[in-house]
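**Q** From first to last, the protein sequence lines stand for chains A and B.
FYI, the working numbering numbers position 75 of the first sequence as 76, with every residue one higher than the one before it.
FYI, the working numbering numbers position 112 of the second sequence as 160, with every residue one higher than the one before it.
Think of the hints as simulated: they come from the structure by calculation, not from any bench.
Be a bit skeptical, because a hint or two may be false.
[As the list claims (entries may be wrong)] Listed next, with one range per pair, are the computed distances between beta-carbon atoms:
no. : chain 1 : residue 1 : chain 2 : residue 2 : range
1   : B       : Thr233    : A       : Gly92     : 39 to 47 Å
2   : A       : Ser95     : B       : Arg215    : 38 to 46 Å
3   : B       : Asp205    : A       : Arg26     : 43 to 51 Å
[Claimed, not checked] Listed next, the in silico EDC-like pairs over lysine to aspartate or glutamate satisfying Cα-Cα at most 16 Å (straight line):
no. : chain 1 : residue 1 : chain 2 : residue 2
4   : B       : Lys220    : B       : Glu81
5   : A       : Lys112    : B       : Glu81
6   : B       : Lys83     : A       : Asp75
7   : B       : Lys220    : A       : Glu113
8   : B       : Lys83     : A       : Glu73
9   : A       : Lys112    : B       : Glu221
[As the list claims (entries may be wrong)] Examples of chain A residues lying across from chain B (beta carbon under 8 Å, computed):
no. : residue
10  : Pro64
11  : Ile65
12  : Ala71
13  : Ser95
14  : Val96
15  : Ile115
On a predicted model such as this, the values are computed, not experimentally measured, just so you know.
Using N, Cα and C, we set each Cβ at its ideal position, and we do this for glycine too.
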Amino acid sequence: MSETPRWLDEDAGPVVRPYALIRGRTRSSGDNLDLIATVSAVGEPPADLGPEQALILRAARNPISVADVAVELDLPVGVVRVMLGDLRDHGLISVSAPAAAGSRPNEGILKEVINGLRAL
Amino acid sequence: MDSVLSEDPVALKILIAGGFGVGKTTLVGSISEIKPLRTEEVLSDRGVGVDDLDGVEAKTTTTVAMDFGRITIREGLVVYLFGTPGQERFWFMWDELSYGALGAVVIADTRRLTDCFPSVDYFEQRGTPFVVAVNCFDGADQHSVDDVRIALDLDDDVPVMLCDVRRRTSAKEVMITLVEHSLRTLTAAG
Chain A
2 MSETPRWLDE DAGPVVRPYA LIRGRTRSSG DNLDLIATVS AVGEPPADLG PEQALILRAA
62 RNPISVADVA VELDLPVGVV RVMLGDLRDH GLISVSAPAA AGSRPNEGIL KEVINGLRAL
Chain B
49 MDSVLSEDPV ALKILIAGGF GVGKTTLVGS ISEIKPLRTE EVLSDRGVGV DDLDGVEAKT
109 TTTVAMDFGR ITIREGLVVY LFGTPGQERF WFMWDELSYG ALGAVVIADT RRLTDCFPSV
169 DYFEQRGTPF VVAVNCFDGA DQHSVDDVRI ALDLDDDVPV MLCDVRRRTS AKEVMITLVE
229 HSLRTLTAAG
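Kindly produce the complete structure, drawing on both the sequences and the hints.
**A** Laid out in structure tokens, this is it:
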């Protein structure tokens, strides 16, 4: 056995740096996607889709938040946003902004939340 | 599926703030299924001089793990909890997080009260409704609550309460107090 310290598995870091998955880009039409915006897969995915993009579409078969997509794929949010922007540009996902973004939600919703929390 | 599509899902965002090690992660975990959310962010100018980056000048991005929790009230109504990064160098992320947020919980530790000053300032300036939850690390009592209110120079309408973030019932009470406070703020604003 060698005594040289070795980095194994996760300790060695990702084999592919996250930004390599999006060809080094940090900007896309997905920049402004809110963390709690909901994305849903739409249309027929093309055959030449990348593996991560295919995973996103699978995760988004039912509506899912941007933050949840990042958790499911275990990728940084910034990377996921770029991919989501691409998928949206290709008409493969639809995005609905959170109803509450920018304005406060209505009274009825908040009362429902309070009751829901009490019932937890 | 038609019934799901007929109404847009509503997602609400609540922020959990406070100094490092004050119990943010514990609070999120007490009341929701907690998951680490990875963000890989460009270090902002604000980090310069604050971070000890000597010898790593080339490092312009950093990986931050945020606490992320989800409470499903019902189908189509979900509350998301985000633990704000504790260190000041990650404050550039707060602006995004606080946009459209329903409100914030600032957790305070009476032994290190100054740690929560920046959070209180931030939410006051943004006009984000917030409550201060005094985590009972060392048997904090009602006296502590009054001291905290004075020390933080809080407006009278800002709720200050004792809590034990490890307990689900206590965490629930904090969240309910916050949403009720947000509701009052909303109603007062017309």
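**Q** Please check whether Ser95/A passes as an interface residue: C-beta within 8 Å of a C-beta belonging to chain B.
**A** Nearest chain B Cβ about 11 Å off; hint violated.
**Q** Regarding the hint that Ile65/A lies at the interface with chain B, is the smallest CB-CB distance below 8 Å?
**A** violated (10 Å)
**Q** Would the hint on Pro64/A stand, with a C-beta cut-off of 8 Å toward chain B?
**A** Holds: closest Cβ of chain B sits about 6 Å from Pro64/A, inside 8 Å.
**Q** Does the Cβ-Cβ separation between Thr233/B and Gly92/A fall within 39 to 47 Å?
**A** About 40 Å separates the Cβ atoms of Thr233/B and Gly92/A, which means 39 to 47 Å holds.
**Q** Does the Cβ-Cβ separation between Ser95/A and Arg215/B fall within 38 to 46 Å?
**A** At 41 Å between Cβs, range holds.
**Q** Could you check if Ala71/A really has its C-beta closer than 8 Å to a C-beta on chain B?
**A** holds (6 Å)
**Q** Tell me if Val96/A is really an interface residue toward chain B, meaning its C-beta lies closer than 8 Å to one of theirs.
**A** violated (12 Å)
**Q** Does Ile115/A meet its interface restraint, that is, does its C-beta lie within less than 8 Å of any C-beta in chain B?
**A** Holds - the Cβ of Ile115/A comes within 8 Å of chain B, reaching about 5 Å at its closest.
**Q** Starting from Lys220/B, check that the Cα of Glu81/B is at most 16 Å away, please.
**A** holds (14 Å)
**Q** Is the straight-line distance between the alpha-carbon of Lys112/A and that of Glu81/B 16 Å or less?
**A** Outside the cut-off at roughly 22 Å; violated.
**Q** Take a quick look at whether Lys112/A and Glu221/B sit within 16 Å of each other, Cα to Cα.
**A** Satisfied, since the Cα-Cα distance of roughly 15 Å is no more than 16 Å.
**Q** Taking 43 to 51 Å as the hint, is the beta-carbon distance of Asp205/B and Arg26/A inside that range?
**A** With Cβ atoms ~46 Å apart, the hint holds.
Violation of the numbered hints given earlier is confined to hints 5, 11, 13, 14; the remaining hints are satisfied by the structure.
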